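Both chains are given apart, each in its own frame, so use the hints to dock them into the complex.
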Amino acid sequence: MTLSKLSLILIASSFLTSAYAADPIKVGLSGPFTGGSSSMGVSMRDGVKLAVTEINKAGGVLGREIQLVERDDEAKNEVGVQVAQELISKEGVVATLGYVNTGVALGSQRFYQEAEIPVINNVATGSVVTKQFLGGDFKNNYVFRNSANDTIQSAMIASEAVTKQGFKKPAILADSTNYGKLGTTDLTAALTKLNITPVATEKFNIGDTDMTAQVLRAKEAGADVILTYALGPELAQVANAMAKLGWKVPVIGSWALSMASFIDTAGPNGDGAMMPETFIQVPSTPKRKAFIEAYQSTYKIDRMPSPVSAAQGYDSVYLLAAAIKQAGSTDGPKIREALENLNDKIEGVVTTYDHPFSAADHEAISANIPVFGVVKGGRVVPMHPEDLEGANALRVKPKG
Amino acid sequence: MEVFLQQLINGLTLGSIYGLIAIGYTMVFGIIGMVNFAHGDVFMLSSFIGLIIYVAITQLLGLSSPMFAFLLALAASMVLTSLWNWSIERVAYRPLRGSFRLAPLISAIGMSIFLSNFVQVVQGPRSKSINGILSGTFNFGADGGFGVSLPYSSIVIFFVTVILLAIFWYIVQRTPLGRAQRACEQDRKMASLLGIDVDATISITFVMGAALAAVAGCLYLLKYGSVNFADGFLPGVKAFTAAVLGGIGSLPGAVIGGLLIGLIEVFWSYYISTDYKDVAAFSILAVTLIFLPSGILGRPEVEKV
Numbered sequence: 001m002t003l004s005k006l007s008l009i010l011i012a013s014s015f016l017t018s019a020y021a022a023d024p025i026k027v028g029l030s031g032p033f034t035g036g037s038s039s040m041g042v043s044m045r046d047g048v049k050l051a052v053t054e055i056n057k058a059g060g061v062l063g064r065e066i067q068l069v070e071r072d073d074e075a076k077n078e079v080g081v082q083v084a085q086e087l088i089s090k091e092g093v094v095a096t097l098g099y100v101n102t103g104v105a106l107g108s109q110r111f112y113q114e115a116e117i118p119v120i121n122n123v124a125t126g127s128v129v130t131k132q133f134l135g136g137d138f139k140n141n142y143v144f145r146n147s148a149n150d151t152i153q154s155a156m157i158a159s160e161a162v163t164k165q166g167f168k169k170p171a172i173l174a175d176s177t178n179y180g181k182l183g184t185t186d187l188t189a190a191l192t193k194l195n196i197t198p199v200a201t202e203k204f205n206i207g208d209t210d211m212t213a214q215v216l217r218a219k220e221a222g223a224d225v226i227l228t229y230a231l232g233p234e235l236a237q238v239a240n241a242m243a244k245l246g247w248k249v250p251v252i253g254s255w256a257l258s259m260a261s262f263i264d265t266a267g268p269n270g271d272g273a274m275m276p277e278t279f280i281q282v283p284s285t286p287k288r289k290a291f292i293e294a295y296q297s298t299y300k301i302d303r304m305p306s307p308v309s310a311a312q313g314y315d316s317v318y319l320l321a322a323a324i325k326q327a328g329s330t331d332g333p334k335i336r337e338a339l340e341n342l343n344d345k346i347e348g349v350v351t352t353y354d355h356p357f358s359a360a361d362h363e364a365i366s367a368n369i370p371v372f373g374v375v376k377g378g379r380v381v382p383m384h385p386e387d388l389e390g391a392n393a394l395r396v397k398p399k400g
Numbered sequence: 401m402e403v404f405l406q407q408l409i410n411g412l413t414l415g416s417i418y419g420l421i422a423i424g425y426t427m428v429f430g431i432i433g434m435v436n437f438a439h440g441d442v443f444m445l446s447s448f449i450g451l452i453i454y455v456a457i458t459q460l461l462g463l464s465s466p467m468f469a470f471l472l473a474l475a476a477s478m479v480l481t482s483l484w485n486w487s488i489e490r491v492a493y494r495p496l497r498g499s500f501r502l503a504p505l506i507s508a509i510g511m512s513i514f515l516s517n518f519v520q521v522v523q524g525p526r527s528k529s530i531n532g533i534l535s536g537t538f539n540f541g542a543d544g545g546f547g548v549s550l551p552y553s554s555i556v557i558f559f560v561t562v563i564l565l566a567i568f569w570y571i572v573q574r575t576p577l578g579r580a581q582r583a584c585e586q587d588r589k590m591a592s593l594l595g596i597d598v599d600a601t602i603s604i605t606f607v608m609g610a611a612l613a614a615v616a617g618c619l620y621l622l623k624y625g626s627v628n629f630a631d632g633f634l635p636g637v638k639a640f641t642a643a644v645l646g647g648i649g650s651l652p653g654a655v656i657g658g659l660l661i662g663l664i665e666v667f668w669s670y671y672i673s674t675d676y677k678d679v680a681a682f683s684i685l686a687v688t689l690i691f692l693p694s695g696i697l698g699r700p701e702v703e704k705v
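Listed in order, the protein sequences are those of chains A and B.
The first sequence begins at 1 in my numbering and counts up by one.
The second sequence begins at 401 in my numbering and counts up by one.
Think of the hints as simulated: they come from the structure by calculation, not from any bench.
Just so you know, these numbers come straight off a predicted model, no measurement behind them.
Every residue, glycine too, gets a C-beta built ideally from N, C-alpha and C.
There could be a bad hint or two in this list.
Not close to chain B: a few residues of chain A, all C-beta gaps over 12 Å, as computed [stated by the list, open to error]: (1) Gly35; (2) Ser39; (3) Lys203; (4) Ala213; (5) Asn240; (6) Ile263; (7) Lys287; (8) Glu293; (9) Pro305; (10) Leu342; (11) His355; (12) Asn392.
Going by beta-carbon spacing under 7 Å, a handful of chain A positions derived as facing chain B [claimed, not checked]: (13) Gln132; (14) Phe133; (15) Thr201; (16) Asp264; (17) Gln326; (18) Ala327.
Next comes chain B alone, as it looks inside the complex (with noise of 0.2 Å):
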């Protein structure tokens, strides 16, 4: 029971990661119908962004208090790594917006080697790590026996994933920016002859891609305390598969389909074997678009005459 209950916290934590990455990839699949394989190592870059200005911050100014720095350094990442992100949707998507399906496609997997590269060429090959940020638990069950733990970083990684998944759910269900998102969703031409401005939906949607993509990057470094240029493909390639599994272009389907992966991985790294848990995950994926090609919370495309 312990086990179980220790295995349920480990997974609904990096269920919640994986969650917020796949945002990410499910609202810029929503929108201009491309899977963003770049977004796994935005998600890396912004986790990079984060330490080093998490360490300039404690390091250089002296800030004495990690828990602030650290949302300061979090603060920062989001803006930077939108930036980023936006910058590589002007360079390497938009220009090949009217193409044929394959080609942003293939630009986004370029980009995701050109991000990987950078990284390895500017911070170097070896991973990068901050420690103590937030080490503290809280232990349950008797000393010395067989207790379950809860860290307080667990805590802070799911509660923030919750409450980031309410805001933009509400940003795009109720406000005027999420209604020219949908808009642009179901028919960019029309939309666009309706007075709203394609282009800047567009962007502003890799904007928030990354923006929650820097709040999971930034969480990874609170679990993990390390990071390394390679980071990036395997939750990435996860994220994505937590987007189908959910539903592809549902906000909502994406954080079930993370919490549902991380469960997945936990679990049968724990009762089945830890050798094979990435092919757990990705069997899943097969599954998925075999049987419920349209996920969990998503929608079936309803072709209309």
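In isolation and in its complexed conformation, chain A is listed as follows (with noise of 0.2 Å):
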């Protein structure tokens, strides 16, 4: 190579390089992209790509472009620890965004914790989620979340059960994994809140396909509704069963019912399955419209697999840019600082976050906020529809 080429290159490349003058911010992204949760996962993953995609495009934040690493935890508890120490020690990424299962998020994030590097759960909702390191031995809490959380959930689907439908003899269907037993821990304390108990509690495995043994034992303990805390695929099999044996009664379960995995496999004995959601695919506010807009022309995509997890992957970026930009820094101490103290109103696709989050309460996402969907014709849509018209329409966390 003569000395002309070599210079030619070098200059080329400092020219590469000078396009991106300071150094990308790195933002750490774990989720389930493969296996029964994928399509949270994939939906929350496009969600967050959307929104950073909009932010470099503005011009970034700190006048630097965030860049996300995103790694696949496969919904497995030591795959998320692995992810979450690659991410910290290799990567030095800055925050971290993702999980979609309580169980992966409650092993990983001590690691976060640790290396006082900030996290913002987009879609995990287990209630402890949040408070594994509040109080007690921590002095700062580095975990936040802006998905409605299981108690959240549950009292919504109880009182919806008991109170307002009236249901006396109610059963709970739930996986075995963390997700399933915290939640069927939170129903029932729900349930007894409201003086019932429930007839029969059943369990099944992560890629079980029959569950009629299940369905059948809560059909013979005579129970009127089905309560669920479980994934889409095998939400479908629970659905599946019932048609099998012939049972008909209302399923009224948390949001993993909205999920496409659930709707497909069901198909048309899905059809009523009641669910409470922070986001439903409806142009209700013109934040959402534009978003509904803006993921379907992106991903070519009609009906978004999962758009609750989507919605709130896109907020969890915005959450986290405008702390950045607010601790002018992107050092984790002074993020979660600034994430606890947000000035700014964040006009997002849930909601609109006005101060979400305070030293004592990472929670971003309040009971009032979510609305009830139902399953119809292979599309979840509003149960009531005057939830998401005129003032209704966008719910805003009560300050206190």
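Rendered as structure tokens:
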């Protein structure tokens, strides 16, 4: 190689780097992109990417662009731990978004807590997720969340089934993961508050296809409504087993009943399933309309596989970006402090975030935000359309 | 009583599917003495092939009768899966036939991993689903009370299994091809000296096993309506257990073993615990191997001197 050629390459490469004068801000993304929860993981990732692209187009944060480092945690606790360690020590991320599975979140978060790097859970709902490092020996909590936790969801499920629809003999069907177990606990507690004891509590494993035994036991116990805490593919088999046994009772459950894997596999058997949702694919505000259109045109898809995950993923990026901007730094403790005292109102898809977090409260979504959705003809639609109309459309966390 | 009848129906349906897969294990083991660990994944693959063809027929060609489309998909899946299994034998097992005993076994495990990963890459990690092929049920018992339901699909699955078992048993016991297969099973070298094309016979055995796996794969689709790239493993291992329980090498044994495993799994999960239903199936494998190593219908191997 001649000297002139070499210098040409050197000059060319210097131009390339000058386009990004400052180093990009590395943000970790951990979620299940394969396996039974992948419709949530992939939708969440797509929502996150959409927001990152928008922010980078508008000039990035602190004049630097956001660079996503995505890793598949396969919904497995041990893989999640590996991903966390890699993102922290090898990639040096300034914060991590993601976690769909409560178990993975609980296993992996301690590494971020120790490294003082904030985590924003945008899908996982287990009630303990944000309380793992709250109080006690921990001075500061680095775990935040912008999804509706199970305490909120289970209370909504119980009151819908018992108070509003008047069922007295609920059966709980849940999977045997942390998600299902913790959900069952929350749901039983919520029912106890209404003086109701479930007539049956049944479990199944991830990947099970035959739910007839569990459904049969619920049927024999005389259940008049099925309450669920499980994921799409298994829920679909519950609905199919009910159809095969010719047993028709309403199904009310956690928001996983809105997963495409449930709706598609259960087909007509899934119609009528009800679940609390922070976001339903309906353009009820200008922001939601823009988001749905951007998602559809970017990913060439009409129905989002998991609208809730996509919307929460999208919002989590804006929350983080606002915190980095306010902190004026990518230092972990400073970002955490900024998240706890966000001054700017952030207009998100799910809600408008006005001081969403405080030192004691790391939950951005409050009980008044989710509304009930129902599966109808292969889509999730609002159960009460008036919930998303006019002044009701935008539900904001009360101050306090 | 109703619950017992209901679970009997469920168990026989599930067991039929295990039985069909088990025949593939048992035939291959009978003829070359090798456990084809990739067989469960061949079953999963056939299910995907059936699903793709079914969707293609109903969506692209607009065929309105789901049952007819399903039968077409079943036939096509049997042919294509046979081709796959033929190639697998040709590529992964035949070159190792003269090698040490463990080599083809390891190759089979590798093939199993390859197949499930291949499907994951090509078809994506999510469950693929179709529904409404055959969704009706007969209902017995009082309205509103606790009745027994018999889905049409269960009837189809059970009778298809019995009919196919009869056909294949006839082929193995009564036709020249079956005689050649049994000859290879007893003594491969002698069979080839007597003018039997051993390679071709083994290939045909793999093709027959795959065709039955394809039937099982499509019936699985009929029963559950969805399939995932990882769905080959557990039914595969349970079918293997069924083949051992029934007596490996015996066709009726495989189906009886399959039905037993299906029934045990279903009754165990209703009366004892759903958490440990897989434990039940595999404990049986261990117990059978200890106390009844040749299975229910298997002949004990007699070493001739």
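> Quick one, is the Gln326/A hint okay against chain B at 7 Å, beta carbons?
Replying inline: At 38 Å from the nearest chain B Cβ, Gln326/A fails the 7 Å test, so the hint is violated.
> Is the hint on Asp264/A kept, meaning its closest Cβ partner in chain B is under 7 Å away?
Replying inline: Constraint on Asp264/A satisfied, holds at 5 Å.
> Beyond 12 Å from every Cβ of chain B: is that where the Cβ of Leu342/A lies?
Replying inline: holds, 36 Å
> Beyond 12 Å from chain B, beta-carbon-wise, is Gly35/A?
Replying inline: Violated, because the least Cβ-Cβ distance between Gly35/A and chain B comes to about 6 Å, which does not exceed 12 Å.
>> A cut-off of 12 Å on Cβ-Cβ distance, and Lys203/A was said to be off the interface with chain B. Does that hold?
In response: It is violated; Lys203/A is separated from chain B by about 6 Å at its closest Cβ, not greater than 12 Å.
> Holds or violated: is there a CB of chain B closer than 7 Å to the CB of Phe133/A?
Replying inline: Violated. Min distance 31 Å.
>> If I take the minimum Cβ distance from Pro305/A to any residue of chain B, is it greater than 12 Å?
In response: violated, 8 Å
>> Checking hints one by one. Is Ala327/A an interface residue toward chain B, by the C-beta closer than 7 Å rule?
In response: violated, 37 Å
> With d taken as the least Cβ-Cβ distance between Ile263/A and chain B, does d exceed 12 Å?
Replying inline: Non-interface label on Ile263/A violated, nearest chain B Cβ at 10 Å vs cutoff 12 Å.
> Ser39/A clear of chain B by more than 12 Å, beta carbon to beta carbon?
Replying inline: violated, 6 Å
> Are all C-beta atoms of chain B more than 12 Å from that of Lys287/A?
Replying inline: At roughly 29 Å from the nearest Cβ of chain B, Lys287/A sits farther out than 12 Å, so the non-interface label holds.
> Was His355/A rightly flagged as not at the interface, with every chain B Cβ beyond 12 Å?
Replying inline: holds, 38 Å
Comparing the model with each numbered hint stated earlier shows that hints 1, 2, 3, 4, 5, 6, 9, 13, 14, 15, 17 and 18 do not hold.
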